[in-house]
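Novice: Sequence:
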Amino acid sequence: MKQENLLGIDVSSKEVVVKIRRSGKSYPCATFENDVAGHKKLIRWATKGGKTARVCLEATGVYSFELALALHRHPHSKVMVINPRALRNFAQALMQRAKTDPIDAEVALEFLERMPFRAWQPPCDEILQLQAISRRICQLKMELNRAGNRKHACLQRPSVCRVVINDLDVHIRHLKRRVQQLEGEGLKLIQALPDLERQFQRLISVKGIATTSALRILAEIAVLPKDMQPEQWVAHTGLDPRPFESGETIKRHRYITKAGNKYLRAALFFPALVAIQQEANVKAFYARLIARGKKPMQAVVAVMRKLLRTIWGMLEYDQDFNGEKFYKMA
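All letters in the sequence shown, in the order written, are residues 350 to 679 by the working numbering.
Keep in mind that a hint or two might mislead.
Simulated crosslink set (SDA-like; lysine to any residue; CA at most 25 Å straight-line) [what the hints assert, rightly or not]:
hint	residue 1	residue 2
1	Lys400	Ala468
2	Lys611	Arg495
3	Lys389	Pro377
4	Lys400	Val411
5	Lys607	Leu489
6	Lys643	Ala584
7	Lys677	Ala651
8	Lys643	Pro574
9	Lys607	Arg437
10	Lys537	Ser508
11	Lys363	Leu477
12	Lys490	Asp450
13	Lys611	Leu622
14	Lys363	Arg551
15	Lys390	Ile431
16	Lys400	His425
17	Lys397	Ala468
18	Lys607	Asp450
19	Lys363	Gly533
20	Lys374	Val385
21	Lys390	Arg437
22	Lys556	Pro645
23	Lys397	Asn432
24	Lys575	Lys611
25	Lys390	Arg434
26	Lys575	Gln548
27	Lys575	Leu622
28	Lys632	Phe618
29	Lys427	Tyr376
30	Lys525	Asn498
31	Lys607	Pro574
32	Lys427	Arg463
33	Lys397	Pro433
34	Lys611	Pro377
It should be emphasised that the hints constitute simulated quantities derived from the structure, not laboratory data.
Let the hints inform the model, and build the full structure from the sequences given.
Specialist: Right, dumping it as structure tokens:
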């Protein structure tokens with residue numbers, strides 16, 4: 350039986366850093382592009398000579414998911430995706446103080462060798478299809494907005510011929526039909542899976558989350574590992590605040606990192622605005638932030654962040670939205 354190649358991988362938005370051990374011998378780290386072509390090149394390199402590759406990588410949301418999926422689908426590779434907190438605690442146990450991409454890849458390799466191997470199981474095909482449908486709807490709605498803006502611009506110019514405006518009208522109607530059709534297909538997928546249907550009903554219990562928003566939110570959170578905690582959801586979505594301090598003179602306002610799932614972040618924006626208007630507890634939370642000097646957009650982002658944590662609790666404990674748990678009014 351051929352010996353397995355062991356790989357520890359650190360994943361970032363653009364690069365994948367890999368530490369490999371072949372026949373008990375470690376080799377210098379290799380770097381690959383974090384895209385489809387880079388993933389194929391990595392797998393060919395890892396399984397060279399017909400060997401099986403056993404891989405450990407950290408769950409970093411949108412950055413690691415496609416790579417984990419490619420590794421899982423390859424017949425000569427087995428992949429374990431671990432919680433970032435578990436890897437961080439393991440690094441502390443190794444007395445590892447420095448943190449660089451090559452060091453993180455080496456820590457992942459050590460984790461793979463010393464800890465029990467638990468093969469990663471990706472979401473079912475229906476959930477992956479739901480996410481693909483939801484993201485396609487987002488693309489079509491962007492095009493719909495652009496077409497609407499073009500029509501508005503044309504209407505401001507009397508010299509533009511009526512044929513152009515009619516063509517834009519046809520295009521807009523066509524886009525709306527496609528969006529409606531895709532939303533119907535997405536709802537069919539949700540209704541076919543009892544767990545998704547139950548989570549969908551929990552989401553629409555929030556004033557501000559209707560069918561369209563619930564579909565978009567559910568499509569993104571359904572693919573997340575089950576052991577992720579609320580703060581990890583927040584970081585995954587890019588809603589975590591980034592402090593900026595330098596010396597004693599420069600202390601800027603915190604801004605969100607935006608380093609994460611832009612689809613989920615966008616899906617939370619309008620529900621947060623509507624909830625501020627229609628949900629008494631959310632409105633009170635927003636008003637409290639404004640009274641403390643927060644700018645309106647900062648307060649909206651805070652509502653988005655708190656709403657995401659609340660959604661985690663609703664799905665974790667299978668409960669409808671409870672305004673008192675979101676924010677308890679005096």
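Novice: Please go over all the hints and tell whether each is borne out by the structure.
Specialist: Here's how the hints hold up against the structure:
no.	hint	verdict
1	Lys400 / Ala468	18 Å, holds
2	Lys611 / Arg495	19 Å, holds
3	Lys389 / Pro377	20 Å, holds
4	Lys400 / Val411	28 Å, violated
5	Lys607 / Leu489	23 Å, holds
6	Lys643 / Ala584	21 Å, holds
7	Lys677 / Ala651	16 Å, holds
8	Lys643 / Pro574	33 Å, violated
9	Lys607 / Arg437	22 Å, holds
10	Lys537 / Ser508	46 Å, violated
11	Lys363 / Leu477	23 Å, holds
12	Lys490 / Asp450	37 Å, violated
13	Lys611 / Leu622	17 Å, holds
14	Lys363 / Arg551	36 Å, violated
15	Lys390 / Ile431	23 Å, holds
16	Lys400 / His425	7 Å, holds
17	Lys397 / Ala468	21 Å, holds
18	Lys607 / Asp450	21 Å, holds
19	Lys363 / Gly533	35 Å, violated
20	Lys374 / Val385	28 Å, violated
21	Lys390 / Arg437	28 Å, violated
22	Lys556 / Pro645	20 Å, holds
23	Lys397 / Asn432	28 Å, violated
24	Lys575 / Lys611	20 Å, holds
25	Lys390 / Arg434	29 Å, violated
26	Lys575 / Gln548	14 Å, holds
27	Lys575 / Leu622	28 Å, violated
28	Lys632 / Phe618	15 Å, holds
29	Lys427 / Tyr376	20 Å, holds
30	Lys525 / Asn498	15 Å, holds
31	Lys607 / Pro574	20 Å, holds
32	Lys427 / Arg463	16 Å, holds
33	Lys397 / Pro433	29 Å, violated
34	Lys611 / Pro377	34 Å, violated
Violated hints for the displayed structure, listed by number in ascending order: 4, 8, 10, 12, 14, 19, 20, 21, 23, 25, 27, 33, 34.
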